[in-house]
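Spelled out from the first residue to the last, the chains are:
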Amino acid sequence: MLSTEIIYKIILILAVFTVTLVVALYSTFAERKVAAVLQDRYGPNRAGPLGMFQPFADGVKMFTKEEFIPGNADKQLFILGPSIAMLTCLMTGAVIPWGGDLTIGDYIFKLQVTDINIGILYLLGVVSVGVYGIMIGGWASNNKYSLLGALRASSQMISYEIAMGLALIALVMMTGSLSLGEIVRQQDEGLANIVYQPLGFLIFLVCAFAETNRAPFDLPETESELVGGYHTEFSSMKLGFYLFSEYINMFISSALIATLYFGGYNFPFQHSLGIEGNALSIVQTVVFFGKIFFFIFFYMWVRWTIPRFRYDQLMKLGWKTLIPLAILNLFITGIVIGFKNGFFN
Amino acid sequence: MQLTNRSKQVADTKMTWMERIYLPGIIKGMIITFSHIFKKKPTIQYPEVQRPIAPVYRGQHVLKRDDAGAERCTACGLCAVACPAEAITMVAEERKQGEEKLYREEKFAATYEINMLRCIFCGLCEEACPKEAIFLTDRIVPTTYLREDYIYGKDRLVEKMDHRVDVSKRQTNNLADFKNNSSKAHNKTI
Ligand code: SF4
Ligand code: SF4
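Those protein sequence lines, which keep their order, are chains G and A. Just so you know, we're using my numbering here: the first sequence kicks off at 1 and counts up by one. Just so you know, we're using my numbering here: the second sequence kicks off at 346 and counts up by one.
Bound conformation, chain G alone:
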């Protein structure tokens, strides 16, 4: 019994790992394609049919580039930076529920690596460790542009984490649980959380953009002012790790948005379709990935539409708009919950 469980978990971890990497790989490709079609271009279409092998060509290029460490850089930290960035973003996939339960024989397999009861807290924790990857990398490069990029990244992520956390607290107050599995199951019974938390969703969405350092909040790597930002000095696969971790972060945060606010793997009328058990679970997983891909597309769509914010505007938005809004949201949620539970009678 125990061994089956362990073997299953190992397989699931490997599967999640692979899927994450493949999605991130093809996100780089999708990014270029989306950018192209939004600008009336074709995008990469030479490598393989429709350019499908482009990510592999990019990968080979990344691997064969010169591995360069600047003379005055702190060697250990220079290597540690991208490693942390990659490690933390891969860790986040562990708590996402990818689908319903699979029943094979006597065993019930959950399509979630671990349903820890503090899932959201775990995610916030891991994501904030991710800042260190950027900060250490930028600091270790011994380059003023890198340092500025790293400073921007860290202060931006710290500022937006507050609003994000407050938006999540409102959600947690409503659902009464920190476990992602539980939150998704509640959305199966009731409506998707977006209905109850539209403002919270908006705040979370904006913060997710800032947390993943994506446009319009990609200030840590503004080409026009900071060369390449925190990864200016990085080359070869170390740079690849940074770029890759950005795409993985995008994937995970898309999954998170879908999980927290759009019903996770649930979809409307799923119990009146006449399918059950394993078939339903598989359909649910497909639907879940559909939602994730939509949000990844949304990320790219926004990136190629909205110009970059100025840094003071970014900070102003974070501290003077989002945090008060998040507190207001929290307040309203509290009052509504109070009314429901007869607190004011």
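In short, the hints are calculated from the structure, not lab data. It cannot be assumed that every hint is accurate.
Claimed, not checked - Pair ranges (Cβ atoms, derived):
| id | chain 1 | residue 1 | chain 2 | residue 2 | range |
| --- | --- | --- | --- | --- | --- |
| 1 | A | Arg484 | G | Lys316 | 56 to 66 Å |
| 2 | G | Leu121 | A | Tyr367 | 30 to 40 Å |
| 3 | G | Phe331 | A | Glu364 | 25 to 35 Å |
| 4 | A | Lys373 | G | Arg46 | 29 to 39 Å |
| 5 | A | Ser380 | G | Ser3 | 53 to 63 Å |
| 6 | A | Arg509 | G | Arg46 | 28 to 38 Å |
| 7 | A | Ile377 | G | Asp115 | 34 to 44 Å |
| 8 | G | Phe53 | A | Ile382 | 19 to 29 Å |
| 9 | G | Gln39 | A | Glu364 | 18 to 28 Å |
| 10 | A | Tyr367 | G | Gly59 | 34 to 44 Å |
| 11 | A | Ile382 | G | Ile6 | 44 to 54 Å |
| 12 | A | Val426 | G | Arg310 | 57 to 67 Å |
To be verified - Here are the simulated lysine-lysine pairs, DSS-like style, with alpha carbons at most 25 Å apart:
| id | chain 1 | residue 1 | chain 2 | residue 2 |
| --- | --- | --- | --- | --- |
| 13 | G | Lys33 | A | Lys385 |
| 14 | G | Lys110 | G | Lys291 |
| 15 | G | Lys33 | A | Lys384 |
| 16 | A | Lys359 | G | Lys320 |
| 17 | G | Lys75 | G | Lys144 |
| 18 | A | Lys373 | G | Lys316 |
| 19 | G | Lys316 | A | Lys359 |
| 20 | G | Lys291 | A | Lys373 |
| 21 | A | Lys441 | A | Lys452 |
| 22 | A | Lys499 | A | Lys476 |
| 23 | A | Lys505 | A | Lys452 |
| 24 | A | Lys441 | A | Lys499 |
| 25 | A | Lys499 | A | Lys452 |
| 26 | A | Lys373 | A | Lys385 |
| 27 | A | Lys505 | A | Lys446 |
| 28 | A | Lys476 | A | Lys441 |
| 29 | A | Lys373 | A | Lys353 |
| 30 | G | Lys75 | G | Lys61 |
| 31 | A | Lys514 | A | Lys476 |
| 32 | G | Lys33 | G | Lys291 |
| 33 | A | Lys446 | A | Lys476 |
| 34 | G | Lys33 | A | Lys386 |
| 35 | A | Lys373 | G | Lys33 |
| 36 | G | Lys33 | G | Lys65 |
Cβ atoms here follow ideal geometry from the backbone N, Cα and C, with glycine treated the same way.
Once you've looked at the hints, dock chain A with the ligands against the given chain G.
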């Protein structure tokens, strides 16, 4: 002068509340970008599809041979004189006995070089040539990495016997008329 009616007067007014929350503007922008997905793409897929070029397109030069295969150029240097970019250089030599099959005139160009980086493809060399020896064609000069590679010698300029270059569309009757008409100033003998 007003060129279009799309220009907007710039005004430094305070933004309204609706403008300041940005969301309507962002949504509007996103709809615009989304609509571009379905627009026709102006890209020309170059090596497979080629942009149609004008019949009188002026590209890489060719040094013609006559029908029997002898080089027409007599190294008179008129093209080099006419060239505004000073792209043409040549060394003349006298034709020897038994070389009549190779060179049409008694004097020929031992070397003939055009620097394609200097050339502005104006076509004045072609106009100046009294022997109908040099023509611009619709071939595009390929790019290379070295400057030396752009200096085209006779090996690349003279047309190959088994690969004749058709310049008939540049040899219009008007042109021939212009060249042969002795009443025109450029043909007047002094
Ligand atoms: S085309 Fe014009 S610039 Fe080029 S070689 Fe002839 S005369 Fe000179
Ligand atoms: S190409 Fe024509 S103009 Fe130039 S040297 Fe030869 S014969 Fe003279």
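Each hint, compared with the structure:
no.	hint	result
1	A/Arg484 - G/Lys316: 56 to 66 Å	holds, 59 Å
2	G/Leu121 - A/Tyr367: 30 to 40 Å	holds, 31 Å
3	G/Phe331 - A/Glu364: 25 to 35 Å	holds, 26 Å
4	A/Lys373 - G/Arg46: 29 to 39 Å	holds, 35 Å
5	A/Ser380 - G/Ser3: 53 to 63 Å	holds, 56 Å
6	A/Arg509 - G/Arg46: 28 to 38 Å	holds, 34 Å
7	A/Ile377 - G/Asp115: 34 to 44 Å	holds, 42 Å
8	G/Phe53 - A/Ile382: 19 to 29 Å	holds, 23 Å
9	G/Gln39 - A/Glu364: 18 to 28 Å	holds, 26 Å
10	A/Tyr367 - G/Gly59: 34 to 44 Å	holds, 37 Å
11	A/Ile382 - G/Ile6: 44 to 54 Å	holds, 46 Å
12	A/Val426 - G/Arg310: 57 to 67 Å	holds, 59 Å
13	G/Lys33 - A/Lys385	holds, 15 Å
14	G/Lys110 - G/Lys291	holds, 20 Å
15	G/Lys33 - A/Lys384	holds, 15 Å
16	A/Lys359 - G/Lys320	holds, 19 Å
17	G/Lys75 - G/Lys144	holds, 17 Å
18	A/Lys373 - G/Lys316	holds, 23 Å
19	G/Lys316 - A/Lys359	holds, 17 Å
20	G/Lys291 - A/Lys373	holds, 23 Å
21	A/Lys441 - A/Lys452	holds, 9 Å
22	A/Lys499 - A/Lys476	holds, 17 Å
23	A/Lys505 - A/Lys452	holds, 20 Å
24	A/Lys441 - A/Lys499	holds, 19 Å
25	A/Lys499 - A/Lys452	holds, 16 Å
26	A/Lys373 - A/Lys385	holds, 21 Å
27	A/Lys505 - A/Lys446	holds, 15 Å
28	A/Lys476 - A/Lys441	holds, 20 Å
29	A/Lys373 - A/Lys353	holds, 18 Å
30	G/Lys75 - G/Lys61	holds, 23 Å
31	A/Lys514 - A/Lys476	holds, 17 Å
32	G/Lys33 - G/Lys291	holds, 19 Å
33	A/Lys446 - A/Lys476	holds, 17 Å
34	G/Lys33 - A/Lys386	holds, 13 Å
35	A/Lys373 - G/Lys33	holds, 22 Å
36	G/Lys33 - G/Lys65	holds, 24 Å
Of the numbered hints stated above, none is contradicted by the structure.
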